[in-house]
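Trainee: Single-letter residue listing:
Number of protein chains: 6
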Amino acid sequence: MVSRPGPILVINPNSNPAVTEGLSHALDPLRLSGAPEIETMTLAEGPFGIESQIDSDAVVLPLVSVVRARSDVSALVIACYSDPGLEACRAAASVPVFGMQESGILTALSRGDQVGVIALSTASIARHRRYLRRMGVSERIAGEYALDMSVDESARGAHVAEALATAGAALLSGGADVLVLGCAGMAAHRRALQERLGVPVVEPVQAAVAMALGSVLGD
Amino acid sequence: MVSRPGPILVINPNSNPAVTEGLSHALDPLRLSGAPEIETMTLAEGPFGIESQIDSDAVVLPLVSVVRARSDVSALVIACYSDPGLEACRAAASVPVFGMQESGILTALSRGDQVGVIALSTASIARHRRYLRRMGVSERIAGEYALDMSVDESARGAHVAEALATAGAALLSGGADVLVLGCAGMAAHRRALQERLGVPVVEPVQAAVAMALGSVLGD
Amino acid sequence: MVSRPGPILVINPNSNPAVTEGLSHALDPLRLSGAPEIETMTLAEGPFGIESQIDSDAVVLPLVSVVRARSDVSALVIACYSDPGLEACRAAASVPVFGMQESGILTALSRGDQVGVIALSTASIARHRRYLRRMGVSERIAGEYALDMSVDESARGAHVAEALATAGAALLSGGADVLVLGCAGMAAHRRALQERLGVPVVEPVQAAVAMALGSVLGD
Amino acid sequence: MVSRPGPILVINPNSNPAVTEGLSHALDPLRLSGAPEIETMTLAEGPFGIESQIDSDAVVLPLVSVVRARSDVSALVIACYSDPGLEACRAAASVPVFGMQESGILTALSRGDQVGVIALSTASIARHRRYLRRMGVSERIAGEYALDMSVDESARGAHVAEALATAGAALLSGGADVLVLGCAGMAAHRRALQERLGVPVVEPVQAAVAMALGSVLGD
Amino acid sequence: MVSRPGPILVINPNSNPAVTEGLSHALDPLRLSGAPEIETMTLAEGPFGIESQIDSDAVVLPLVSVVRARSDVSALVIACYSDPGLEACRAAASVPVFGMQESGILTALSRGDQVGVIALSTASIARHRRYLRRMGVSERIAGEYALDMSVDESARGAHVAEALATAGAALLSGGADVLVLGCAGMAAHRRALQERLGVPVVEPVQAAVAMALGSVLGD
Amino acid sequence: MVSRPGPILVINPNSNPAVTEGLSHALDPLRLSGAPEIETMTLAEGPFGIESQIDSDAVVLPLVSVVRARSDVSALVIACYSDPGLEACRAAASVPVFGMQESGILTALSRGDQVGVIALSTASIARHRRYLRRMGVSERIAGEYALDMSVDESARGAHVAEALATAGAALLSGGADVLVLGCAGMAAHRRALQERLGVPVVEPVQAAVAMALGSVLGD
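Residue numbers (numbering that gives the first Met the number 0), protein chains in the order written: chain A, 0 to 218; chain B, 0 to 218; chain C, 0 to 218; chain D, 0 to 218; chain E, 0 to 218; chain F, 0 to 218.
Isolated chain A (complex conformation) (with noise of 0.2 Å):
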C-alpha cells in the first residue's frame, strides 16, 4: 500500500447537523497523523432523527447511494444506532463497512460481561432485541433502557445527563457491567457517565471507527 488509504466516511443517516457535528467531535481523539482521514457526512435525505422501524428503512437507499459515489474511501461507518442498511451498503461497498449497533456491542463485550444499552425509546428497544438476537449475542446482554427522548433532545437537551447517569445505574442493578450508549447524539456524554459510574461506557460511533482504523491499517 504505497499511497496514503482514503478517508474512513462516517455517514450519519439522519439530517441533522448537530449531530454529525456532536459525532464528529467525539472521533476527534482518533484522528491521527499516518492514519486515515475520519470524514463525517449528514445524509441530506434522511429525516430529522431516526426514530421508527420506517425512517430506518427510508434511508438505505439513499445510504447505498453514497456508499456507491464514494469509490475513494477506505471504509465507511453507519452512524446510526439502528444500523440501517448495513448489509445493503456491504453488498454495494468494496470497503469494510461498519454499523455502529455492531461495533458498540462487540466492542462492549471486550470490556465486560453483560452488557447494558442506553436506548433512544421504548419502541427501539424490541428494534435492538431483535437484532442483538441476528448478531447471536443475546446471551451477553443484562437490558435495554429508554430515554424516552427524541434524538435530537438527546444531542442538546439539558437533563440529558442527569437521565442517562439514571438509565446507567438501572442497568447496573440489572447485571450490566458495561454500558453502550444507544444513539449517535449521546456521544458528548460518554466520559462524565463513566467517572460517575464507574463502569466502561462505550460511545459506538467511536467503537465503529476504531474497527474501522483497525482494519484499513492492518490491511
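If you are wondering where the hints come from, they were derived from the structure by calculation, not from laboratory data. Any given hint could turn out to be false.
So these bits of chain B aren't anywhere near chain C, every CB distance computed over 12 Å [as the list claims (entries may be wrong)]:
hint, residue
1, 6
2, 47
3, 50
4, 61
5, 71
A short, non-exhaustive set of chain D residues, derived as facing chain E with CB atoms under 7 Å [stated by the list, open to error]:
hint, residue
6, 3
7, 5
8, 44
9, 56
10, 59
11, 129
12, 133
13, 149
14, 157
15, 159
Just so you know, even glycine gets a beta-carbon here, dropped at the ideal spot from N, CA and C.
With chain A held as given, fit chains B, C, D, E and F onto it using these hints.
Mentor: Below, chains B, C, D, E and F without anything else, positioned relative to chain A:
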C-alpha cells in the same frame, strides 16, 4: 487528557523472541504519531511455545506480575491465542486488558457472519470451543481447522503459507466467510492469505491493539 | 363481526406477473365462500426478481405505500421469501401482516423437527441464516440448499422439478424431515415434490395465507 | 383431490363436555363451506380436567386409539394445552396432527416478538418451560403467569375475565407483546381480552385448526 | 438416619428378562455393603422392547403404579434410554427418580466436552434430539449414530461388539470425546468398547444408579 | 480389576484445614467398605480462602504437581467451587478428574429443572456465569445469590444457617426448584437447609465424589 497516555503493552507470553518480533512487525502499521506507543515484550518465564492447557495456566501468575509492575501503561494486550490469564490480568489491572482470541473473534464478527479459525493444533480446538461457548458466540462460528504445527514452526516454517491456504479453503467450504489466524506466530501471512482466498483474514493481535487504541484514544 | 371482513391482500414485491399468477393459482384452494377474499397484486415498483439485499431493501417504501393505501384489507401477506419490509409494514398497518419466510418456517415447525430450506441462490442462504437467527429458531433448522436459479427461472424453467428433487434429497440426507420452498416462484412444484420425497413440503405463501385466514376468521 | 377431504377432528382429551362445547363454539368462524368439516369430540376416557403430568400421560393411549379408529379424517388437533400424546399420535396417524400449545406458540410468533402465556396453574408452568425448550423457541418467550384455577373454573367461572386481564397486564409489563391462552377452557374470553389489552391474544385451538386447514386445503 | 435406607429400585420397563439380567450384572460393582441394596425388576406390562414413541408412552401408567406401590424404596431408576414416564414418576414419588438418558448424558458431560450417543435405531435419534433440546444441553452433543437393531439383539447378538466399535469410531471422527450407550441392552459391552476406542464410555444405568447412591447416601 | 482400586483423592485447594475437615465429614456417608477409600487433603500452597480470580489461578500449578505425584489414585476431585485447574489436572492425570462446580450443577440438573446457586460473594457470581455459559447449561440456571462472606466464615460462622435460608428462599422465589451450595465451606448446612426449604439441596463435593465413585466402580 493533557499528558500523552502511556504505552499499549503487548505481552507475548511465550519466551520465543521470534514470535514477539513477528507480531511487533505486524503492529507497525498501528504505530501512529499522536497515538499511544505500542510496546511489545517477551515473557521471560513463558515456555518456548504455549501448546497445552498447562502451558497456558503456567503463565498466568507471571503475567499478573507484569501487569502489577507496569502501572504506566494505558492498556494491555495478551498476545497468545489461548488468552491465558485474561480474567486474572483484568482483576489486577486498572486499565483495559484485551485478549487476542476474544478481540480476534469480536473483530471477525464485524467482517463476516460465520467465522473460521485456523488453529495451531487439534488439541487446541477443544480449548477454543469451550472458550467460544464461554463468550456466548458459538452460533457465529463455522469451525476450526488445525495446522498441527508448533508455535515456532508456524512463525518460521517455509511451508506455512501453503498450509494456511489449505486450512482456509477447507473452512470456507464449510461455510466460513471470514477467517481468524489462531496463533500470534502466523501474523506475517495475513495479507497474502486474504488476497489468495478473497475473504477478510483477521490477525488477532492487530485486532486487539486496534480495540486497545480505540479504548485509549476515545477515553 | 357483522360485515364481511376485507380481503387478505397478498403482495408480490417483484414486478414479474408470472410469479404473481403462479402464487395466485397456488392460493386457489384457500379461497372459500364465507371466508375473506384472497387478492393478489404485483408491485409495479419492484425489480423483476428480488435476488439481492439491495433488491430486497428497495421495495420497502413502495410496500409501505401500498399498505397505507389499502385500509380496506383485513390482513396482508408479503409474498417474497426475503420478507422485505415486514417490520415497516407492520408499523404502518393496523391489521396483521404476515411474511412468507416467517410463516413458512413456523408452519414447517408444526410438521417436522428439522427444517430444510430450498433456497434460490447461494447468496440468499447467508441472508436467511441471519433471519432465522433473528427469529430465534436456529436449533430447528437442518440447513439450506441452493438451486442457483433466477426467480423467473424457478417459476417457469422446465428442469425445476428435477433440481428441487435433488435439493430436497440432499436436505433429507442432512437430517431434515420437513422442507420449505424458499421462493414464491416454486409454488407449483409443492405437491409433486412432497409425493416424490415422502416428507411434508411447505409452500410458504400458502402457509402465510392460512395464518392470515386464522387471524381474520378467529378475530 | 377430487373428493372432499375428511373432517378435521378436534379431540378434547378431558371428559368435560362444557370445555368441548366452548371450544367448538370458538371454532365456528373457521367452519366454512368448501372447507373440511371441523368435528369436535370429548375423550370419554379422559379425566375431568388435565391438571397434572400424570393426567396428561394417562390420555396418551386413549388418544392413540381414537387416532387409529378414525382413518377418515384429514387432520387431527389435540385440544389440551399440554399437547398430550402429540408425538405418539403423529406416529400412529397418516395425516398431520397439531398440538394446541405448539400451534398456539408458533402462531403467536407471527404476531409479536415476545410471547406471554396465561397458564392455568403454577405447576403447569414448569411443564410448559420444558416443552418450550424442547421446541427450541425459549428466546421468544417473555414468561408465563398462572391463574391457579381448575380447567372447569377457567371455562365457566364468573371472575375469569378479570383474572385473565390481571394476568395479561402482568405479562405485558414483563415484556410480552402477544399473549397465548394456556388452556382450551379460556377460549370464550379471547376477543374481550384482546380488546381490553390492545395486543394480539391467540386462542391456541383456533390456531391449531387454522394450521390444520392450511395443511389440508393446500395439499 | 438411624435405619438403613430402602433399596434403590431399578425398573426395566420392557418385559425382556434378559435385558434386566444384563443390567443387573452391570450394576454388581455398585452393590456395596453399607450402601442401599440395588434391586432390579422387569415391568411385566412392558413390551418386549421399547422401540417406538408409543411403546414408550404405553409404559408410563404401569411405571407410576410401581412407583406408588413401592413406598419402601429410597430412590428409583427408570432403565430405558427413552426415560419413559420420568416426569410422571417424579410427580408420583416422594423419593428421587433418575432417568437413564438424563443421568447418562449428565455423567458424560463430566467426562468429555462433546458427547456421542450410540442409538438403537434411526427412529430413536429424533426422539433423543427433542429430549436433549428439552434438557438444554444440545451445545454439548456431537451427534448420534444408530445401530438399527432391536433391544433384544443389542443385548444378545454376537456382532454387537463390532457394530458398537464402528458406531463409536464414527462418532469420534465427528468430534465426540466421550460416548454414551443409548440402550440398557448394550451394558455388557461398555468396558471392551472403552478400551478399544480409548475414550470414556458411559453406561447410563450405572450412571443413574451412581447418582441415586449419591443422593441417598448424602441425604 | 482384581486388586482394589486406589483412593479417590479430594483436594481442598485452600490451606484452611477447617474447610477440609468439614468436607471430609460431609463425605463420611460415601465411605463404604468395598468401595475406594475417600482421602482428603489440604493444599499447603493454597491461599487461606479462594476468593478471587487470582487466588483461583494461583493454585493451578500446585494442583498439577499433586496430580502428577499421586499416580496411585483412581479418581480426583477438586474441592473448590471455582473448579481451579480442572482442565490442567485433566491433562496431567490418567484418571478421571471431577470439579466441584461442574459435578454439583450436573447433579442438580437431575433433581430439578431450574438451578439456584448460593454463592460466597457477589464477585464470584460473574465468574460462575462465565463458567456456566462455558458448560452450555445456562438455560437451566435460575440465578445466583451471594452471601458475601469469606470461605472461613461460611464454614464456621454462627449465622450461616440463617443467611443460607434467606438466600435459598430468594432463589426459590426467582424460579429455582433445586439449590446448589456454592462453596465447600457450606457443606455442614446441607441437610438442615433442604429440610427447611423443601427442595433438594446439592452439596457439590458429595456430588463430585458420587460421580467419582460411579466412574471407578463401574469401570
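Trainee: Now tell me if each hint is right for this structure.
Mentor: These are the hints, each one checked on the structure:
Every Cβ of chain C is farther than 12 Å from the Cβ of residue 6 of chain B; the closest lies at roughly 39 Å, confirming the non-interface assignment. With 12 Å as the threshold on Cβ separation, the claim that residue 47 of chain B sits away from chain C holds: the shortest Cβ distance comes to roughly 41 Å. Non-interface status of residue 50 of chain B relative to chain C is upheld: no Cβ of that chain comes within 12 Å, the nearest being about 34 Å off. Consistency note on residue 61 of chain B: stated as away from chain C, and its beta-carbon is indeed over 12 Å from all of that chain's, at 40 Å minimum.
With a cut of 12 Å on Cβ distances, residue 71 of chain B stays outside the contact zone with chain C, its closest approach being about 43 Å. Of the supplied interface hints, the one on residue 3 of chain D is violated, with its beta-carbon coming no nearer than about 30 Å to a beta-carbon of chain E, more than 7 Å. Checking residue 5 of chain D against chain E: minimum C-beta separation of about 23 Å lies over 7 Å; hint violated. Interface hint status for residue 44 of chain D: violated, as the beta-carbon distance to the closest one in chain E is roughly 12 Å, over 7 Å.
Interface hint status for residue 56 of chain D: upheld, as the beta-carbon distance to the closest one in chain E is roughly 4 Å, under 7 Å. Taking 7 Å as the C-beta cut-off, the interface hint given for residue 59 of chain D holds, the closest approach to chain E being about 4 Å. Satisfaction of the interface hint for residue 129 of chain D is found here, the shortest Cβ-Cβ separation to chain E being roughly 5 Å, below the 7 Å cut-off. The beta carbon of residue 133 of chain D comes within 4 Å of a beta carbon in chain E, closer than 7 Å, and the hint placing it at the interface holds.
Checking residue 149 of chain D against chain E by beta carbon gives a least distance of about 17 Å; that is not within 7 Å, so the hint is violated. Checking residue 157 of chain D against chain E by beta carbon gives a least distance of about 31 Å; that is not within 7 Å, so the hint is violated. The beta carbon of residue 159 of chain D comes no nearer than 26 Å to any beta carbon in chain E, farther than 7 Å, and the hint placing it at the interface is violated.
When held up to the earlier numbered hints, the structure conflicts with 6, 7, 8, 13, 14 and 15 and fits the remainder.
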